[in-house]
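Undergrad: Chains as they are written, first to last, in the working numbering: chain R, 9 to 329; chain A, 31 to 375.
Bear in mind the hints are in silico, worked out from the structure with no lab data behind them. Incorrect hints may have been included.
Residues from chain A that face chain R, not an exhaustive set, calculated with beta carbons under 7 Å [said to hold, decoys possible]: (1) Met175; (2) Ala176; (3) Leu194; (4) Leu314; (5) Ala348; (6) Asp351; (7) Thr352; (8) Ala359; (9) Ala366; (10) Leu368.
For every residue, glycine included, the Cβ atom is placed at its ideal position computed from N, Cα and C.
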Amino acid sequence: MTALGFADIVRDRDRSLRLLQSYGVYAALVVLFAVSVALDTGFLSAGNIRIQLFQVAPTLLVALGMALVIGTEGIDLSVGAVIALSAAVIPLYLGWGLPVALLVALALGAVSGLAAGAMVAFTRVQPIVATLALMIGVRGLAELVNGSSAKPVTDSALLSLGADGFAGVPLMAWLAAVCVALTGVLVHRTTFGRQLVAVGDNRRAGRLAGLPVRRVLLTVYLLSGVLAALAGALIVGHGAEADPANQGLNMELDAITAVVVGGTPLTGGRVRVLGTVAGALFMQLISAVLTQHNVHTSVTQIVEAAIICFAVYASQERGTR
Amino acid sequence: MSPTVLTSAPPDQEPGPRRTPRATTPTGGERRERLAAQVQRRGALVVLVLVAVVASSVSATFPTWSNLSAILGNNAFVWLLALGMTFVIITGGIDLSVGSMYALGGVLAAYGAQTQGTWLAILLPLAVGAAWGAVHGLLVARAGMAPFIVTLAGLLGARGLLQLVTSEGATTYLVPAGSAFRSLGAGTWTPVLIVAVLFGLGAVLLTRTRFGADLTAIGGNENAARLMGLPVVRSKLLVYVLSATLAAAAGALGSARLGSGVTTIGIGYELTAIASVVIGGTLLTGGSGSVGGTVSGVLLLAVIHNLIDQYASQYGSAFTDTVNGGFLALVVLAQALLDRGRQEE
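Looking at chain A on its own, in the form it has when it is part of the complex (with noise of 0.2 Å):
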């Protein structure tokens, strides 16, 4: 629409990932949009540190290690389903059913744990995850159908067996006391390394495998990547598999922190796992998008988060929610704008 900005591809192409800028002088337009590719992958890691620095100069209790360990160890395992959402959405999918298999995970792994001991509560969900992701795939990279619709049945169908596991949710499954299972939730830093390295083994999956490489190529031009002969297929379906388990994973772990499968929890994570791969600068549209940019991402809607409950506590969790629709409002729209040296449509 607006003519007078130059891009780099010809109108007829597909958004695709950012054409490295060539030797030569740049023109006017590639320091642009090299400026603007710098702040969408950057942008929240710089508003991160802006928004610690501000607060840890104003408060006295926001940099202490108590309310630091409190950020990162709360919540820690709820962050393993933005991983895996950074996945699907680097392939321009999504997947609504992140909440109902983070519950479902863990009211596996409670039962697991109270029936069978540590294997079973740790098997049982991963293998359940991952058949439930593969349905997922099949559905969306075999039979087309929309990742949107596909993901939110499963995320009905998902809470619909958790109640069936629990009998409509009667069941409370306890993880025995003594149980080896528990101590993979216990304390702040267990969680905040598990979380940790596997966050650093999908940055590794992303940025140094031919795995990786293939989800940024089919999230840019499905079409392309197709002809260009890559799995296309296979890849769709394992970034499902990979983010059902990622989410089941978290719910056991969490479930081990807890002492027990809580039925009633994970109501709108997917959104906060959306909001959190957003705000770190991957693509909605797909075929770009970043682990470590999802790292800032989280950090920063648990730091806003923080600052809520410390600060205006008497507004509760409305106040949040509000501030972080708004913010993810304006990161989306900075991201439309900055956008806008590419191609309308």
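Bound conformation, chain R alone (with noise of 0.2 Å):
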């Protein structure tokens, strides 16, 4: 992009809108950590840092699932409320040991993604409709599994999973990195990654090419549901209490604009892997600046909305593809 002079730019705005589509998330990052520095020049110490990736490791695991959704042209909402059940039920199974506790979690966000991806897959309910009843059902059930009320976890394992470091970073954020590898193998390496964004491309046109529809669909909703129930596990270790009624509401927003910021557009069609991650870490640092300077939440949160208006506009597809 840097052989683009800036009057070609100018002149080609839909070159330049999808160059900024693709690359501008990597810009913004740039400028945005430049600036965070030069205004504290505390930023770079290394306690914020941690502090800045265990805020946005679970983001961002749920973001790379629902990154995979938006690829095939869905969108998951549930995931907030899976994160919900998720620290519902870890403590009611913590007594059985730590694995036995996350695997009914993973299990439980396995069943809730494979239920949207089935409603998805097998019948014509749009994914938005079928992913709000779900939001809404779901989260009634966590709260329904371990009352409404925040309960305090002491198991020194989640804990230590939730709030320990490796080498200096956090491990949560050592998990959302392999995740990230993962994801970006099966998406950029693997058949399944191919025949992903072959039915977010075109799902009529998939289907009529004998590509494995229905799967692909039901994976990457089981996929968007376990990760889920992964960054629930990890928000309930790091704050060492489950509250149902309150962790994970609006996470699926938050992970929808990661996603949309780093450059995947919602037309479905196309996954940016690294793009989410850099989008995650973008709006991480966003309200990280804006809330170390004083600035008001009610600000924030319109310059929030804000960007994620700006990020929609420039990954429309426009004219040519």
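Assemble the dimeric complex from its two separately framed chains, guided by the hints.
TA: What follows is the structure, encoded as structure tokens:
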């Protein structure tokens, strides 16, 4: 993109918008990072970076699943509720050991994801409606299972997963990095990844070409549910409490924002895994910088809304494909 | 996918308004499709009547006046969100910002009532709602952005504006006790009357005006509507203005009832509104729907809520949410199955 002169960019609006869609988030991230360091020298301190990583890791996990779903031209509104369900069941099964509790939580995430996937794959229910119904129902179920008040969690293994680090980096961030790598391989290096993109690009053509459309849809929603449940476990470990009524609230919005800001178009047919990472980091940095400089959360919200609008506008397909 | 089912539309056609049956003897496929259309349109009403009859015969407290007026009066203004949402959804769009706009309208009305009196209390929320909706409409109709994302940003933005107006929720605006504005929200029947009149106007707008016909046509097939010369951009812009204005007005009336602008109110209301509209038989893909159906959907959810409060109150709102979510899932599944007669994708 450096080969393009400024005049060319102005002249060729569509082309510059496409470049913005592909690489804009990285440039914005670098600029934002530079600005935050310039505004506050303490920003680069190990402690502060650790805090940012702790906060971004669960969002990133959810966003990875969301990127896969959006790649198929879908959307998953149920992830926040799945986080709550995960948070609700983990304390119930911790007595049997952390592995059992984690397995139950992940299995429930998988079931919820499968339910969404089945509705999308086998009926003509739109993804937004199918997952909206799940979002309402699963959040209710979460509060039903373990009450709607916060409960302290004291399991040391879970707490260390949520709070400890390795080589100065939080375990949560390591885990998120592994998931990023796996998702990257899945999308860019496997047949499944190509099928996913083809289904998102044109489902009807994919079906006619003999792609296993239903299997692809079931799998992406399943992965989204499992990743959300994992994020829920990390959130419980980090906060040392399970709060089904409040944990995961609006997480679906954060995840969608990270994905879209990262350059994955809502119209499907493309998944940007690294862009999603950059998108999640960008949104995290924005809110961190604004909060650290005592900007009202009201202004933060308005800024975020404007960023979402701009990112979507920039990522829209125009005329040529 | 299912080749055995006959369709009245050729497979390369977008789903549109159902054809009126011909005078000749209907074929099996047509009969089936007409039945499906009836179930879709009147399903909520039938279930509502069934639930009400069963509840009245089983429960001693359900059919009392005090209970019925509680069902009608307590949430009456919130139902206006579903009214606006019906119009948006018929064009194939969605408005996620109505919950935030409800809260913002309430705060602005209380601010107006406290500082300038009744006229500002009414005009300020309406003006801000209309302007906010116009921004949504411009981004959706002119810039061609996804309604879902535009109104999602609108949800965040309106909540942000609300925090700004109330200095992060630290300032509470009260509606003065003797204000004429308060009488708009008082009692059971004033709210119900206001809401009923607005729903009636909405039904007339949708079924008896050119504007309403345009909306259905646009939701059925936007390209065809454009080619036919219908004012697509203007109509789509207007539905977002209508939805946001109704939400702000509902918030204003709600604050007249509560006596203050509550900042924490309205979270998740967009979901209830969407659920009511969908349960009422309006297709989320647009092109088909009715205000009467939304009334059935709204009442059905309210009655279920009321029954759960009476008989399963130990499980509380969590149980209500679970039932509502399951119910919504069932309804959209039924809609999708009924819709199979049309075409795939």
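Undergrad: Mind listing which of the numbered hints don't hold for this structure, in increasing order?
TA: Number 10 only.
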